[in-house]
Structure formats: C-alpha cells, structure tokens
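Colleague: Chain residues, written in single-letter form:
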Amino acid sequence: MASSSSYNSPCAACKFLRRKCMPGCIFAPYFPPEEPQKFANVHKIFGASNVSKLLNDLLPHQRDDAVNSLAYEAEARVRDPVYGCVGAISFLQRQVDRLQKELDAANADLIRFACAGAIPPSPAPHAAVVGTPRQRGGGGGGGGGFYQTPHSNYTFPYNYHCPWNGGYNPHGGGGDM
Amino acid sequence: MKDSNSRKQGAASPCAACKLLRRRCAEDCVFAPYFPAEEPHKFASVHKVFGASNVNKMLQDLPEHQREDAVSSLVYEANARVRDPVYGCVGAISSLQQQIDALQTQLALAQAEAVHMRMRHYSSSAECASPSTRGRRSHNHHPKSSESFWH
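Top line first, the protein sequences correspond to chains A and B.
Numbering follows our numbering, with no gaps: position 129 of the first sequence is 129.
Numbering follows our numbering, with no gaps: position 111 of the second sequence is 111.
Rather than coming from a laboratory, the hints here were simulated on the basis of the structure.
Treat the hints loosely; a few may be bogus.
Which residues of chain B face chain A? A partial, calculated answer using Cβ under 8 angstroms [claimed, not checked]:
id : residue
1  : LEU21
2  : ASN79
3  : VAL82
4  : ALA110
5  : SER124
6  : ALA126
In silico lysine to any residue, SDA-like type, Cα no more than 20 angstroms apart, as pairs [stated by the list, open to error]:
id : chain 1 : residue 1 : chain 2 : residue 2
7  : B       : LYS19     : B       : HIS65
8  : A       : LYS53     : B       : LEU21
9  : A       : LYS53     : A       : ARG79
10 : B       : LYS57     : B       : GLN98
11 : A       : LYS44     : B       : GLN98
12 : B       : LYS48     : A       : ILE111
13 : A       : LYS38     : A       : ALA48
14 : B       : LYS57     : A       : ASN56
15 : A       : LYS101    : A       : GLU75
16 : B       : LYS42     : B       : ASN54
17 : A       : LYS101    : B       : GLN98
18 : A       : LYS44     : B       : LYS19
19 : A       : LYS20     : A       : LEU58
20 : A       : LYS44     : B       : SER72
21 : A       : LYS44     : B       : ALA52
22 : B       : LYS57     : B       : GLU38
23 : B       : LYS48     : A       : LEU58
24 : A       : LYS44     : B       : GLN60
25 : A       : LYS38     : A       : LEU55
26 : A       : LYS53     : A       : GLU34
27 : B       : LYS48     : A       : LYS101
28 : B       : LYS19     : B       : PRO36
29 : A       : LYS44     : B       : ASN56
One side of the interface only, derived from the structure: several residues of chain A facing chain B at Cβ under 10 angstroms [as the list claims (entries may be wrong)]:
id : residue
30 : ILE26
31 : GLY87
32 : GLN95
Source: prediction; values computed, not measured.
For glycine and all other residues, C-beta sits at the position ideal for the given N, C-alpha and C.
Sequences and hints are given; from them, build the entire structure.
Modeller: Shown next as structure tokens:
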C-alpha cells in the first residue's frame, strides 16, 4: 500500500515498466507521471537499461540536460525513423554554408567599394558587405577584418534529404538546451 | 563438423554485430550488410547507446532501401553521445543554431552598411554632376540623406 516514491503515483518510467517506484528511483526526478510520452519515446529508442546506465555515469547536476537531450533525440527519431535529429543537423549545416557564402560575397563587395571608391550597379540579391564596426575603429589590416563567423566544431559527413522547409523543432518551440 | 560447416553463412566471418554479441551470424542477419566485421567500433557505439535489440527493431521496421541511411544516422548519433554523454548530437544543433543567428546578424549589418555607402556615393555623385548645387555645402545633404535612410 505504501507508495515507495515521494510522489503519490509512480514516475512515468516505473508506470511504463510496471514496477514499484522506489525512493531512489533514477528516473523519477526526470520523468514525472504527467509526461508519459517522454519516457515512452526514450524507452523505445534507447531502452530503459541504457538510459539508466547513462544517467548513473553522469553527475546529478548533468542529468536534467542529459534527459532533455535524450528526449529530444528520441522524439526526433520517432518522427523520422530514418534520419532522426541528424536530419536537422544536415539542414542547419546547409543554412550555415549558404549564409557564409552570402556573407563572403557581401564582404567582397564592400572591399570593392572601399578600394574603388565607386559603387557598381550590383544586381545581386546580396548587397555589398559592410566594413565591420571593429574595422572602422581600428582601421583594420589591409582589406581584411570584415565580418567573420566562428567555425563550427561539427563537420557533417552526410548529405541527407531534409524534409523540413523551415526550422526544425520537435517541441514546437525554441531550442531549450 | 560438416553440419556446422554447411549451416554456416556464405560470409567468411560473422558481422561486427554478431561478433560483439557472440552469436552465430545467420544468412539473413539484419545487421550484416551495415556492420561489416572490419568496422567493429561502428556497432560498438550503436550498441552502447541504443542497444542491439532496439536497433534490430528499428531496422526491421524500415524498408531495405532506407536502412543504410538509418544506420549512418544512428552511428552518427551514437558517436556524438559517446563523445558528449550530456548533450549528444543535440549539442551540434544548438551550436549550429547559434552560428546561424550570428551569421544572419552579420549579414544584415553588412547589407545595411553597403546600402549606406551606396547612398552616400550617389548623393555625392549627384552634387558633382549638378553645377547649380555647387553653392550649397555638399556635406549638408549627407546627414539628411542618411537620416532619411536610417529613420
């Protein structure tokens, strides 16, 4: 009769697994009974045993983020069994590449403007690139110092077909990681 | 001995999955086409993160022509999770989104500056072309034109 967990009802994990939710249940803090789908997805993709091992290997303050990222990946994989959230990475990587090219072209235009002192009639959709505020202040080095972007630490070897036209977010909101 | 030999599959050695799981690699092993024996680490990370049973179910649920891509993405996710047990490949998504935000901001600023330069150039060209405006101070127009541009 006595509920072993601190909640009146077992956590979503123990409910799903049909077992007693003990006081030190590793899943209880992260899989509340009000969110049954979260654990269902995670269990389907990763398995309860793997999740339990993973959480046990982490420090307590890291587990919340780990569960959130696992839930995100699991939901993405349920929605797209072939690519999962890797499809989103591919899509975003292409956006980065496209924007980088546009920025490079814009920078090149600005350099031309700055050097020639004349503005050619540019039919290109991207306007000339700005000299960076940093460059204005310091005078920059010869022609360089325009907008630069940090390089990604992630190189994506695949070229997946992306079903998304817009941004990807299985939760329907902003990335909350 | 002869029976076991005749029962053995055509492949010379079991696939990486069956090797790790220490089981006989059947001819119709679902893992064999995607986890060759020469790449043991590929299955090791997938097994560690997803579990062989889950991967088996996932592959069985997919038509054959989609399985290779599915395995590639699973391997990618598994490796990312092994490297970063807290965020896995979701860390990559977050990082890419931040990059996109930064790039969009920089591009917008660059394009705005270019338009500004173009406006200045056109207004100074117009003053040079028109002698009647020579009497006016040319720089008086710049603030107005820039103000009208910026506001």
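Colleague: Each hint: holds or not?
Modeller: Each hint tested on the structure:
Nearest Cβ of chain A to the Cβ of B/LEU21: about 15 angstroms, over the 8 angstroms cut. The hint is violated. Taking 8 angstroms as the C-beta contact cut-off toward chain A, the hint placing B/ASN79 at the interface is violated, the least distance being around 11 angstroms. A least Cβ separation of about 10 angstroms between B/VAL82 and chain A goes past the 8 angstroms threshold, and the interface hint is therefore violated. Interface restraint check: B/ALA110 against chain A, minimum CB-CB distance 4 angstroms, threshold 8 angstroms, status holds.
For B/SER124, the shortest C-beta to C-beta distance to chain A is roughly 10 angstroms, which exceeds 8 angstroms, and the interface hint is violated. Using the Cβ-Cβ criterion of 8 angstroms, the hint placing B/ALA126 at the interface with chain A is not satisfied: the shortest such distance is roughly 13 angstroms. Restraint check for B/LYS19 and B/HIS65: the C-alpha separation of about 25 angstroms exceeds 20 angstroms, so the hint is violated. Between A/LYS53 and B/LEU21 the CA atoms are separated by roughly 19 angstroms; this keeps the pair inside 20 angstroms, and the hint holds.
Straight-line distance between C-alpha atoms of A/LYS53 and A/ARG79 comes to about 25 angstroms, which puts the hinted pair past the 20 angstroms bound. For the suggested pair B/LYS57 and B/GLN98, the alpha carbons sit about 35 angstroms apart, so the restraint of at most 20 angstroms is broken. Taken as a hint, the A/LYS44 and B/GLN98 pair is broken in the structure, with Cα atoms around 30 angstroms apart against an allowance of 20 angstroms. Annotation: proposed proximity of B/LYS48 to A/ILE111 is violated, straight-line Cα distance about 52 angstroms (limit 20 angstroms).
Distance hint between A/LYS38 and A/ALA48 is fulfilled; the C-alpha atoms sit about 12 angstroms from each other, no more than 20 angstroms. Between the alpha carbons of B/LYS57 and A/ASN56 the distance comes to roughly 26 angstroms, so the proposed pair goes past 20 angstroms and is violated. This hinted pair does not check out: A/LYS101 and A/GLU75 have alpha carbons roughly 32 angstroms apart, beyond 20 angstroms. The suggested pairing of B/LYS42 with B/ASN54 holds, with an alpha-carbon distance near 16 angstroms, which does not exceed 20 angstroms.
At most 20 angstroms may separate the alpha-carbon atoms for a hinted pair to count; A/LYS101 and B/GLN98 meet this at roughly 17 angstroms. Between the alpha carbons of A/LYS44 and B/LYS19 the distance comes to roughly 24 angstroms, so the proposed pair goes past 20 angstroms and is violated. With a CA separation close to 24 angstroms, the supplied pair A/LYS20 and A/LEU58 exceeds the 20 angstroms bound. Taken as a hint, the A/LYS44 and B/SER72 pair is honoured in the structure, with Cα atoms around 19 angstroms apart against an allowance of 20 angstroms.
A threshold of 20 angstroms between alpha carbons decides the hint, and for A/LYS44 with B/ALA52 the separation of about 12 angstroms falls inside it, so the pair holds. Pair hint B/LYS57 plus B/GLU38 does not hold up; C-alpha atoms about 23 angstroms apart against a cutoff of 20 angstroms. With a C-alpha separation of about 15 angstroms, the suggested pairing of B/LYS48 with A/LEU58 holds against the 20 angstroms cut-off. For a cut-off of 20 angstroms, the pair hint linking A/LYS44 to B/GLN60 stands: about 14 angstroms separates their Cα positions.
Restraint check for A/LYS38 and A/LEU55: satisfied, since their Cα atoms lie roughly 16 angstroms apart, inside the 20 angstroms limit. With a CA separation close to 24 angstroms, the supplied pair A/LYS53 and A/GLU34 exceeds the 20 angstroms bound. For a cut-off of 20 angstroms, the pair hint linking B/LYS48 to A/LYS101 is broken: about 39 angstroms separates their Cα positions. Our distance criterion of 20 angstroms between C-alpha atoms is met by B/LYS19 and B/PRO36, whose separation comes to about 10 angstroms.
Of the supplied pair hints, the one linking A/LYS44 and B/ASN56 holds, its CA atoms being roughly 12 angstroms apart against a limit of 20 angstroms. Taken as an interface hint, A/ILE26 does not check out: its beta carbon lies about 15 angstroms from the nearest beta carbon of chain B, beyond 10 angstroms. Checking A/GLY87 against chain B: minimum C-beta separation of about 7 angstroms stays under 10 angstroms; hint holds. Interface restraint check: A/GLN95 against chain B, minimum CB-CB distance 5 angstroms, threshold 10 angstroms, status holds.
Hint compliance for this structure: hints 1, 2, 3, 5, 6, 7, 9, 10, 11, 12, 14, 15, 18, 19, 22, 26, 27, 30 are broken, all remaining hints hold.
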